[in-house]
Amino acid sequence: MLYREAGQFKSTYAQDQQIFPIRQDRIAFWALLVFAFVVLPLVGDQYWLGAILTPFQIFALATLGLNILTGYAGQLSLGTAAFMAVGAFMAYNFVLRMPWLGIIPSFILAGLCAAAVGIVFGLPSLRIKGFYLAVATLACQFFVLWALQRFGWFTNYSSSGVVTAQQIEILGYAFNTPAKKYLLTLSVVALMALAAKNLMRSETGRAFMAVRDMDVAASVIGIPMMKTKLLAFAISSFYCGVAGALHAFCYLGTVEPEAYSLDLSFRILFMVIIGGVGSILGSFLGAAFITLFPIFLNLVSGWMSHATGVEISHALISNLESIIFGGLIVFFLIVEPQGLARLWQIAKEKLRLWPFPH
Amino acid sequence: MSSRQVGGVMLAVENVSLTFGGVKALQEVSFDVRENEVRAIIGPNGAGKSSMLNVINGVYHPQQGKIRFQGREFRDMDSHQTAEMGVARTFQNIALFKGMTVLDNLMTGRNLKMRCNFLQQALWIGPAKREELEHRRAVEEVIDFLEIQHIRKTPVGKLPYGLQKRVELGRALAAEPKLLLLDEPMAGMNLEEKQDMCRFVLEVNDHYGTTIVLIEHDMGVVMDISDRVVVLDYGRKIADGSPEEVRGNQTVIDAYLGVAH
Amino acid sequence: MDFVFFIEVLAGGLLAGVMYSLVALGFVLIYKASGVFNFAQGAMVFFAALTFVSLVERGWNFWLALVVTLAVMVLLGLAIERVVLRPLVNQSQITLFMATIGLTFVLEGLSQLVWGSQPHGLELGIPDVPMEWLSQKWNINISQFDLFAAAVAGLLVAVLAVFFHKTRIGRALRAVADDHQAALAVGIPLQHIWAIVWAVAGFVALVAGLMWGVRNGVQFALTFVALKALPVLLIGGFESIPGAILGGLIIGATEKLAEVYFGPYVGGGIESWFAYVVALLFLLVRPEGLFGEKHIDRV
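Protein chains in written order, with our numbering: chain A, 1 to 358; chain B, 1 to 261; chain C, 1 to 299.
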């Protein structure tokens with residue numbers, strides 16, 4: 001009943017092409033934006049803003065990037081974390097060596113560097129497909145991480161290999177509290193998510209999906225294979241690079257190679273699968289799930305410890321996490337391959353009638 | 001039969017030979033296709049009909065022979081090039097993008113006409129938005145023509161076979177082609193679906209003046225809608241002429257009946 | 001350039017390559033029979049080694065522990081086929097691949113949950129010392145254990161070859177690998193076959209786990225060794241047993257040689273990525289690997 005579309009007619013194609021054609025969706029979306037931009041920073045607890053909501057958005061952005069490449073364009077990649085690392089390290093270096101650029105241009109340039117790396121490691125996709133390509137992206141993951149650690153230039157020859165990210169200052173205004181970093185992250189992520197949505201519903205998105213579904217047919221009807229695949233890698237890596245820069249500057253506060261390991265690449269792939277392959281909303285849902293779930297597990301184990309008096313070790317929790325994540329992946333692939341995004345759609349459809357049975 | 005005036009030669013295939021490993025798919029085949037006509041290619045299974053379309057389309061490259069299209073001569077075609085020159089086609093085993101909706105599939109047919117780059121699309125500003133809507137309008141005309149309005153937002157993978165074939169025709173039409181290559185467009189259809197498809201094909205030829213080359217097994221359809229027919233057997237052309245001429249040709253009858261030669 | 005040293009390095013590399021092949025064999029078996037690229041093979045190797053070593057450390061008799069671990073691996077294989085693969089039987093290869101990634105995480109967590117996460121040493125009675133005869137006569141140092149592992153791998157390949165080509169079940173496996181539908185049509189019970197394949201892959205994982213356990217100790221890092229088997233597969237082709245061996249030799253040799261001769265110029269540590277880059281470059285020339293099957297896309 002809540003979600004009845006009756007009476008909402010679209011009389012122009014423009015209306016039909018909107019991101020949110022249904023009025024209830026639009027209202028909910030704007031309410032969410034107001035909540036995120038205005039309410040949360042004012043009311044939100046520092047810990048939640050800095051340690052949960054900010055990383056959630058950053059990972060959502062990286063998930064978006066991977067979703068563009070794997071979900072929409074069908075090119076399986078296991079090198080996501082490496083692109084984030086490039087973004088993080090290059091952002092640090094731009095701010096360090098060209099401070100007159102400013103933070104936002106530095107982030108953008110860092111993203112472009114990640115895009116360049118993405119194009120180089122995307123070249124094999126013109127010859128190789130499927131999981132051959134996935135293994136090839138592992139080459140990217142391992143090589144990039146090695147290079148960033150091996151060549152001291154990236155860390156400005158720091159002896160520990162870890163550097164502190166600089167303070168963020170835009171037009172003289174310092175972003176030094178969790179709330180301010182949260183808002184900066186939110187703004188960047190919101191804008192890039194909008195851009196992604198626009199891209200995916202335009203010709204670029206269709207070209208990506210065509211390459212994913214049947215690339216031979218796509219090239220026969222005129223879609224350029226090389227340009228499309230490389231563009232997918234470039235855009236995806238750009239998103240991951242910016243996410244990496246945000247990760248270093250707005251979340252960790254340091255730029256360290258260990259943070260961008262193969263494990264992170266898998267985690268982001270899990271976010272894509274659980275959230276929904278080929279869905280912008282799904283990227284956010286998947287990231288939320290994987291970011292919040294460990295916290296949830298910690299809480300539950302804390303309660304159980306209190307209740308039973310038995311100490312539950314960190315090792316146990318992290319193993320349980322592995323098992324449950326892996327299990328969920330398999331579960332989602334079997335039961336709902338289109339992930340949480342599809343479940344959300346089904347829920348909305350049920351809301352059309354609820355509380356009436358039929 | 002089309003009521004349009006058939007024009008000059010639009011496409012000419014000269015002495016084309018195509019070999020795969022040891023298999024001679026086509027042997028010195030020559031024929032032409034005139035503007036505005038409906039040309040059928042028929043022949044027993046394995047005669048090389050699909051291979052012929054693939055050569056015209058640039059998917060296969062012949063070892064020998066030439067192709068003349070719109071006055072220009074080509075040693076072989078490149079599929080991107082042919083698409084740009086206004087050739088569109090459908091495939092024997094339906095090459096639709098199963099993960100996309102009908103509307104999106106048809107829109108991909110217009111990809112060569114889209115000019116905006118990805119940055120403009122990301123920002124969804126003026127030119128990108130206008131272009132998208134303009135092409136949407138063009139595609140909706142095709143949707144109206146093919147009577148598939150009710151399924152425009154359905155993912156193609158969920159559609160029944162007959163409708164998928166129609167959507168594939170729609171994608172080819174969306175490209176506003178000069179030459180339309182149809183590979184067994186009526187295969188697997190029941191009588192009603194075939195009649196609909198025939199009607200669409202004839203109307204495309206009539207209304208838009210599109211030249212059509214089609215591969216077809218149903219003799220009734222071939223007799224009804226084509227202007228001229230080419231018959232292939234074991235990669236060679238064995239007859240070329242009007243439907244009546246071909247129907248009476250003894251070599252053709254022998255080929256279909258499997259008489260040894 | 002010291003020729004003797006070169007031989008040592010080359011031999012060491014080839015033998016290391018054989019060890020990679022052992023892991024790759026498990027992948028090939030499963031891919032051949034079911035078209036599934038089992039990313040969890042590495043976790044299976046780890047799980048096998050960990051189970052065995054934990055039993056032995058608890059005082060179990062060596063052979064009993066071996067048999068029990070083998071039984072556990074076979075059961076694990078059957079369980080995986082039943083719970084994960086059967087529900088996904090008609091899905092795309094990518095979906096199945098991603099399911100095995102999920103499976104990897106489950107196995108890794110489960111292994112450490114059940115047996116703990118400390119590293120273990122593993123002894124099989126063959127010391128990791130140079131063959132005296134070679135080192136004394138020609139001054140070449142090649143580890144006894146490496147040679148033993150090579151022999152084991154050779155024996156395993158021989159056994160598998162006999163199994164595939166001479167037994168009825170082996171023939172059925174090859175039929176299934178070739179064409180599922182046709183195999184069904186002649187009455188081969190597909191699901192039994194897949195169960196058998198996963199069980200055999202579990203056995204191969206155990207052998208690989210034991211070899212690697214001695215070499216590197218049984219610890220979580222063992223799962224990364226399995227990742228190294230991937231470049232081997234890229235070079236050898238996913239469907240070929242000889243390809244797995246040859247690919248392993250190539251990767252092992254080039255990696256070792258690069259590490260020793262090229263590594264010092266770029267600061268070392270290139271083993272983390274060199275094998276992958278080699279495989280990548282190789283793929284650009286031959287996208288299906290040395291013995292892989294060419295994929296033809298018909299439109």
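Since the hints were made in silico from the structure, they are not lab data. Quantities reported herein were computed from a predicted structural model and do not represent experimental measurements. Do not take every clue at face value.
Simulated crosslink set (DSS-like; lysine-lysine; CA at most 27 Å straight-line) [as the list claims (entries may be wrong)]:
1) B:Lys24 x A:Lys197
2) B:Lys153 x A:Lys348
3) B:Lys66 x A:Lys348
4) B:Lys129 x B:Lys153
5) A:Lys129 x B:Lys129
6) A:Lys129 x C:Lys32
7) A:Lys10 x A:Lys227
8) A:Lys348 x A:Lys197
9) B:Lys129 x B:Lys113
10) B:Lys113 x B:Lys24
11) A:Lys181 x A:Lys197
12) B:Lys98 x B:Lys66
13) A:Lys197 x B:Lys98
14) B:Lys24 x A:Lys129
15) A:Lys181 x A:Lys129
16) B:Lys178 x A:Lys10
17) A:Lys197 x B:Lys66
18) A:Lys227 x B:Lys113
19) B:Lys24 x A:Lys10
20) B:Lys98 x B:Lys153
21) B:Lys129 x A:Lys350
22) A:Lys227 x B:Lys98
23) B:Lys178 x A:Lys350
24) A:Lys197 x B:Lys194
25) B:Lys158 x A:Lys10
26) B:Lys66 x A:Lys350
27) A:Lys197 x B:Lys153
28) A:Lys348 x B:Lys24
29) A:Lys227 x B:Lys24
30) C:Lys32 x C:Lys166
Coverage of chain A stretches by chain C, computed from C-beta distances (three or more under 8 Å per stretch; other residues unrestricted) [stated by the list, open to error]:
31) 33-40
32) 130-144
33) 196-203
34) 300-310
Backbone N, C-alpha and C define an ideal beta-carbon position, used for all residues, glycine too.
Each hint, compared with the structure:
no.	hint	result
1	B:Lys24 x A:Lys197	violated (49 Å)
2	B:Lys153 x A:Lys348	holds (17 Å)
3	B:Lys66 x A:Lys348	violated (58 Å)
4	B:Lys129 x B:Lys153	holds (20 Å)
5	A:Lys129 x B:Lys129	violated (33 Å)
6	A:Lys129 x C:Lys32	holds (18 Å)
7	A:Lys10 x A:Lys227	violated (35 Å)
8	A:Lys348 x A:Lys197	holds (20 Å)
9	B:Lys129 x B:Lys113	holds (14 Å)
10	B:Lys113 x B:Lys24	violated (37 Å)
11	A:Lys181 x A:Lys197	holds (24 Å)
12	B:Lys98 x B:Lys66	violated (35 Å)
13	A:Lys197 x B:Lys98	holds (20 Å)
14	B:Lys24 x A:Lys129	violated (30 Å)
15	A:Lys181 x A:Lys129	violated (39 Å)
16	B:Lys178 x A:Lys10	violated (34 Å)
17	A:Lys197 x B:Lys66	violated (46 Å)
18	A:Lys227 x B:Lys113	holds (16 Å)
19	B:Lys24 x A:Lys10	violated (56 Å)
20	B:Lys98 x B:Lys153	holds (12 Å)
21	B:Lys129 x A:Lys350	violated (33 Å)
22	A:Lys227 x B:Lys98	holds (22 Å)
23	B:Lys178 x A:Lys350	violated (47 Å)
24	A:Lys197 x B:Lys194	violated (40 Å)
25	B:Lys158 x A:Lys10	holds (25 Å)
26	B:Lys66 x A:Lys350	violated (60 Å)
27	A:Lys197 x B:Lys153	holds (18 Å)
28	A:Lys348 x B:Lys24	violated (57 Å)
29	A:Lys227 x B:Lys24	violated (35 Å)
30	C:Lys32 x C:Lys166	holds (17 Å)
31	33-40	violated (count 0)
32	130-144	holds (count 10)
33	196-203	violated (count 0)
34	300-310	violated (count 0)
Against the hints set out earlier in the document, violations occur for numbers 1, 3, 5, 7, 10, 12, 14, 15, 16, 17, 19, 21, 23, 24, 26, 28, 29, 31, 33, 34.
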